[in-house]
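J.: Heads up: the protein sequence lines correspond to chains A and B, in order.
Following my numbering, the numbering of the first sequence begins with 1 at its first residue and continues without gaps.
Following my numbering, the numbering of the second sequence begins with 1 at its first residue and continues without gaps.
Keep in mind the hints are simulated off the structure, nothing from the lab.
Careful: at least some of the hints might be erroneous.
Stated by the list, open to error - Calculated from the model, a selection of chain B residues having no Cβ within reach of chain A, i.e. all distances over 10 Å:
1. I21
2. V29
3. F34
4. A51
5. S94
6. L111
7. P115
8. E177
9. P178
10. V185
11. P188
12. F194
13. V240
14. V243
15. T261
Claimed, not checked - Pairwise CB distance ranges (calculated):
16. B:L140 - A:I99: 32 to 38 Å
17. B:V29 - A:L146: 39 to 45 Å
18. B:I132 - A:I99: 54 to 60 Å
19. A:V145 - B:G223: 27 to 33 Å
20. A:V273 - B:V29: 18 to 24 Å
21. A:F178 - B:L122: 30 to 36 Å
Glycine included, each C-beta is placed from N, C-alpha and C at the ideal position.
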Amino acid sequence: MSYVRALVASAWAGWQRDFGWTNPIAGLSLKTIGPIASVLAASTVYWLGSSAARSFDPTNLAYILVGAALYAHVAAYSWVPSLAITEGKWSNVFTQVYISPKSSPPYLAGRCLASFATSAITSGGSLVGASVISIYLFNTGLPFVLTPVSIGLLVVALVVNIFASMGLGFLLSAYTIFATKFEWALPVYVSGLLMVFSGALFPVTLLPWPVSAVADVLPFTEFIRAARVALIAGYPGSFWYYLGLSFVGGLVFLVLGLAAYAAAEHRARRLGVVDRKAV
Amino acid sequence: MRASLWLRTAYARMWVRTKSIYGEPLWVVVTIGFPLFTSMALSLLYKSSNASQYTGFAILGGVMISFWGNVLWSMASQFMWDKQAGLFEVYITSPAPISAILVGMSLGGVLGTAPSAALVALIGWALFNPAISPAWPAVLVVFTLTLASLYAMGMALSSLYLVYGREADSINEALHEPVSFLSGVYFPQQMLNFPAAVQIAASLIPLTIGMDALRRTLFSGEGLQQISFHIGVLALMAAVLLVLSQKMLKLLEERGRRAGTISVRIR
């Protein structure tokens, strides 16, 4: 029970960190503008390329809109545990977390969950916003299925994907706890790698083997596939099959992440580098 | 004496910034991530759309987005961070001219970003080998003027960011992608059906004019004469933004002195 309280308190701290300086509407709007533009940039590249090749297909445009919005969603909250450590070292919050009765994993998980909530709202907003603008800019329809069932399935997929994203967050944190220099580069690497290797913008088969084989089984790839099945009319495959793969992969990621973080934390305590800011 | 002080200040600020990059070559790893992955992903997207001839747009976009990122994160918000670290007080109480500090910071920023931008270009060209038809003198002139106007915009923004506290990061994040989308960093934005007001707003961003001119000179072989309008506009933008940044900085510094907020580190 006390772990749940620690988790909730940490999630609240994360929410305050993101929106304490403004009201939530202004904060969420600022956080949505960027993803809308990012999704639009990807869809414009597709529209321009496919129009030149006379192969434009609204289904492919929908494929890119969903993929671009969701990879950004994963990237936005999976690195937050790592950010919580980096920021926490400089603001001395992380040291306080260490000396509190609970250890740091509930704190990092809570921060991650707060960011998940924010990112789910902003990525949903960016998908809707970018889709509406795309319809106007490219003068086309989009084969989205917008029913309570399809939206419900998307929400289920978003929730199931938390395991994989949190697992990735703990894996990154295992590095960040020792890092004093390049930890600020992590978000762009997480985002960039997901953009290329999660089938967000193009099929992973386009990547060279064996990279394509690894990308094909990543839980993030399966999550985006499941979301596409839920939202795009006629998109091939089974929602529950892809979601099952995403869930299993997510559990593997989470177990690996927690184990790596526990080992890193243990070592960091022994070496006395928990509050190290510079080498 | 005044000119000598200005030059020495600019050199000193440039040296610090350049040294911070070249003194730790692994820093390139940090700055190259976003532009490299984005240009790779969008090149692959062009390729998967059967439009390999456009992959060069994505690579050029990756090169220029490196500089835009530097302008936002290391120019616009730099004074805000300097204020938090207590350095800004040192700047304004010393005889060093603020304009020299800004220019030095810009030159250091360009030199510091150059390695990652060059690597994006090299890796992109090696992987996708896009067709180019460059008019090199025109490319060089446009590239220089685009950077000059872009960093002048960074100077103007830096004065604005002085009045912000924690919200500066959120504003940077909110500006980064929309500006690169409206400017058509990865595609010719004139081909989009933007409303006139949006088109006009986009034209006020130096990156929009610069990207268009760079694509024309690099991929269509247009020379100095064909892009003279772009050159004129970029030069004008650089000059106006430079003057504007001086005026705004003076104004906000004065306001900060009167309100007693100039040394308030965290709001």
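J.: Would you mind marking each hint as holding or not holding in the structure?
T.: These are the hints, each one checked on the structure:
{"no.": "1", "hint": "I21", "result": "holds (13 Å)"}
{"no.": "2", "hint": "V29", "result": "violated (6 Å)"}
{"no.": "3", "hint": "F34", "result": "violated (4 Å)"}
{"no.": "4", "hint": "A51", "result": "violated (3 Å)"}
{"no.": "5", "hint": "S94", "result": "holds (26 Å)"}
{"no.": "6", "hint": "L111", "result": "holds (20 Å)"}
{"no.": "7", "hint": "P115", "result": "holds (15 Å)"}
{"no.": "8", "hint": "E177", "result": "violated (4 Å)"}
{"no.": "9", "hint": "P178", "result": "violated (4 Å)"}
{"no.": "10", "hint": "V185", "result": "violated (8 Å)"}
{"no.": "11", "hint": "P188", "result": "violated (8 Å)"}
{"no.": "12", "hint": "F194", "result": "violated (8 Å)"}
{"no.": "13", "hint": "V240", "result": "holds (26 Å)"}
{"no.": "14", "hint": "V243", "result": "holds (29 Å)"}
{"no.": "15", "hint": "T261", "result": "holds (16 Å)"}
{"no.": "16", "hint": "B:L140 - A:I99: 32 to 38 Å", "result": "violated (58 Å)"}
{"no.": "17", "hint": "B:V29 - A:L146: 39 to 45 Å", "result": "holds (42 Å)"}
{"no.": "18", "hint": "B:I132 - A:I99: 54 to 60 Å", "result": "holds (59 Å)"}
{"no.": "19", "hint": "A:V145 - B:G223: 27 to 33 Å", "result": "violated (52 Å)"}
{"no.": "20", "hint": "A:V273 - B:V29: 18 to 24 Å", "result": "holds (21 Å)"}
{"no.": "21", "hint": "A:F178 - B:L122: 30 to 36 Å", "result": "holds (31 Å)"}
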